[in-house]
Amino acid sequence: MSTRITGTSHLKSENVNVWFGERHVLKDVNITFPANQVTALIGPSGCGKSTFLRTLNRMHELIPGAGFAGKILLDGTDIYDPQMDPVNVRLNIGMVFQKPNPFPTMSIKDNVLSGLRLSGRKTDDASGLLESSLRRASIWNEVKDRLGDAALSLSGGQQQRLCIARALAMNPEVLLMDEPCSALDPGSTRRIEETIVELSESMTIVIVTHNMQQAQRVADETAFFLAEDGNPGGVVEFGNTEDVFNRPVDGRTNDYVNGHFG
Amino acid sequence: MTDLSAQPRPARSPWETPNPSRAFKVAAASTIPAGITTVLTLVFGIDPAVSVLLIFVPLQVIFAIAVGRNVAGKKGQGDAVLMFTSVFFTVLVAVLLTSLLWSIISQGFSAMSWHFLYQNNVYIDPTTSLEYGGVGHAIVGTVLIVGLTTLVTVPLGILIAVYLIETRDKSRSTVRTLVQAMSGLPSVVSGLFVYSMLIVSGVTTYAGWAGSLALLPLMLPTVARTAEEALRLVPVEIRNGALALGSPAFRAFWQVTLPAARSGIITAIILGIARIIGETAPLLLTTFAAKNTNFNVFGGPISSLPTYLYQYVSNGYDTSTQRAWGAALVILLLVAILFTATRIIAGDRKRPKKKA
Amino acid sequence: MSTSSEPTSHSPVRRTLKAKPFSRADRMFFGVARSASYFSVILIALILVFLFIRATPAFQSQGIGFIFGSNWNTSNPHHIVMQIGPMIWGSLLISVLGIILGVPMALSTAYFIEFMAGKTMARVATLVVDLLAAMPSVVIGLWGLVVFTPVASHWAELLHKALGFIPIFANTSGNFSASPFIAGWIVAVMIVPIITSISREIFSQMDRELINASLALGGSRSSTFFKVVLPTASGGVVGGVLLGLGRALGETVAIYFVLNLIFKVNWFNIIENQGGSVASMILSKFGEASDAEISGLMAAGLVLFVVTLVVNWIAAYIVNKAQPWRKL
Ligand SMILES: Nc1ncnc2c1ncn2[C@@H]1O[C@H](COP(=O)(O)OP(=O)(O)OP(=O)(O)O)[C@@H](O)[C@H]1O
Ligand SMILES: [Mg+2]
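Protein chains in written order, with this note's numbering: chain A, 301 to 562; chain B, 8 to 363; chain C, 940 to 1267.
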């Protein structure tokens, strides 16, 4: 589809601050997401990981009273520039939600291809795109004989992988995933993790997870978020996953990754 | 030793404690007064209304209190009276509503025939026998007038719902309040408004479209409010799923939200139609009535089922009243069809929820 | 290894984000939705303003007598008298009668369906009640005229014979039909399904635990009903009653069929063959009305609208408060 050179696109947040109404929930977040790498966001519940993720493709602004400051740069362009159409931003930065949310009135096939229709695009090879997306989400074998069935007839884990396939069909440069495995059994989790690793060859991935092993299995980089009581959340430590888990600089990171608090 | 095996749940609610001797007493208490009343009424030729009020009610209250006290002690008294009151009024409601339904059905069927459903009224006067003429023209008129109203009101109502749900405008609550205020507009006032604005002032003669216009403010609040509820029920995750794929808002609405709310929207449409299908006063003021079949909502008087009914009631002859009953039956059937449709759709709506 | 949150000298300024439609198609989509909403607002405003403008001459020429006087005489074009006091009072009288008759019936039926009837019976009864709530009133009017009036006149006559010494049951005309009593019954038949439907739903949503606890504590059913069920449900029931009242006030054709409209206040002789109703009066007069008379009808319509609005708003307020899950 788009002729872009893999390996160059990257995402960067500069002094990102976020408010819900008057409540300041994130302060000065600076993270560089290297291209074609998986970055994990970890941290205790309520520290603002999902919120941060939503600012990365301008989903945050759908919440009434959302406040924001700072910059999110995609290949050097600020996606919050007033000239930017959020629709275009989201075309390039896809998102997979914590809870599977297939479109209930559509079949499996229509769900995968829904992004094209929703964005008003056309493809010459719909069935090819369908198959490749489903394959990349490792669900092709399970659904190839029932593509016309309702999406809701799938199991929860299958629905989540369907949602991943739906996002992949748009071939985004960046894929944001918010605890994509939180509702899944170990088997499905495993397959999705494998999918993530494979996908990182062609896109930049940001994943929120509460599962330390998962972060260590899939992520190249890890950012540790923390909101100390009453204060807005922020990044305590960011770096190579190996280092963050085994040689943390900050004591709080050490406590968290070793299960001492939170 | 305590029995740990599973106990069957009592089939009745805690309200009821089954007990044969109690059941017998209750049965006696609920038949004897009725029996005495019937006998007295027949023997002395008392007016039934009098005997029910003056013989049956006091007797039944005494019996109920006696049995209640006997069965459950002092607190049984109040219960018995409450129960009697509740059953008495419920039976009264049942009698009234059954009489209403039965009159329409029996009287309506005696006026009914095939030609009644399709013939018009051109050569009919109030005393013409029922072998001739019918409500064909009125059915056509109702379908046209209500159809035109629906055609305008449904998109309008859905758009209002979209505005209320999908935007964050400040004036939403004003719009919501005023749409609700519209539902307080008495139908005759709506008719009077159109009558005075269009017909007295000579913009148009009596015409179907004037009637549709008078029905619009009556239907709009129903459609808008029900559609709003339907859209509100679509989970925000699904909407966000579409937006996150890079969909413009209107495509997300059109392809995802609206299909997901489909049954609720259809319900809104049907409830709206049911709201106006029997409206009489606004049409009397705006469409008047015609004897012929008028397919043109933009020209000349046009008949509809309610105005047809009204006209023949006003004539006051036996055959004309019979025709009115026939029209009432047709209206009842239309309402019943709409009602059944909403039930079926509401049922459909529940099923996928359970699955998910 | 790097810690990325490099200290910044100053935090950037907060801006409030808004999901603004960006593309032309989206702007059009929301623009159309907005226009539709504004159209409805304009429509209702237009109706009110138009009614008001057209009603002004009548208000001006008739003064306060329009509402409180009881005479309608338009035969002399130089001295038109339009006073709708009896109609306003009649509308209220009929509605109140309908509520006095209807509420016990509706509450009993709701109580019966929810707490006494078996499953199947409750299901069927609910269905029938809901169907009747959708029944067009003109049909009820037909039934009221042909079937119910003879029966109810007979009741009224009996009442008069037995209790005629009480002014309420006085009747000097010897004609017992077309009275507020009968119109009140018709209103009751119209609103019983509505009130039953709402009360039943409230009863069914009530916390069974609460009821069972009251019973378990040794309360009788009746004390449970009066001390637990009714107080908890009262808000919704009152709202439902007001909603029924709104309907009753606007009812036109059914009342027109069963009531003798007379421009003389019938304060409380409910079985007298004389009564009033603003809505029915409008219907009875518009046909051969002159311009001045239409202004009077408009004024009557405006009064009716305002009264109904107030009633509906109070109803909506009460029902929403009592039943947050049910949106009016
Ligand atoms: N829509 C909202 N309105 C107001 N406050 C919100 C909203 N969503 C989240 N918050 C608040 O923002 C803070 C961060 O929430 P967020 O969902 O980002 O946490 P999280 O790190 O993703 O937590 P979890 O791990 O439990 O998902 C929390 O204090 C939360 O209460
Ligand atoms: Mg989260």
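Warning: the hint list may mix true and false statements.
[Unchecked claim] Below are the DSS-like pairs computed for lysine-lysine, each with C-alpha atoms no more than 25 angstroms apart in a straight line: (1) A:371 to C:1100; (2) C:959 to B:82; (3) B:177 to C:959; (4) B:32 to C:1058; (5) B:177 to C:1166.
Rather than coming from a laboratory, the hints here were simulated on the basis of the structure.
Just so we're clear, the structure is a prediction, and the values are computed from it rather than from any experiment.
(message) Just to be careful, I want the Cα atoms of residue 371 of chain A and residue 1100 of chain C compared with a cutoff of 25 angstroms; is the pair within it?
(response) violated (89 angstroms)
(request) Measure nothing beyond the straight line between the CA atoms of residue 32 of chain B and residue 1058 of chain C; if it is 25 angstroms or shorter, mark the hint as holding. (result) holds (24 angstroms)
(request) Assess, step by step, whether the Cα of residue 177 of chain B is no farther than 25 angstroms from the Cα of residue 1166 of chain C, and give holds or violated. (result) Violated, at roughly 43 angstroms.
(message) Hinted pair, alpha-carbon criterion (25 angstroms max): residue 177 of chain B, residue 959 of chain C. Please report holds or violated.
(response) This hinted pair holds, its Cα atoms lying about 14 angstroms apart.
(message) Need the status of pair residue 959 of chain C, residue 82 of chain B: alpha-carbon distance at most 25 angstroms?
(response) violated (65 angstroms)
Going down the numbered hints, you'll see the structure goes against 1, 2, 5, while the others check out.
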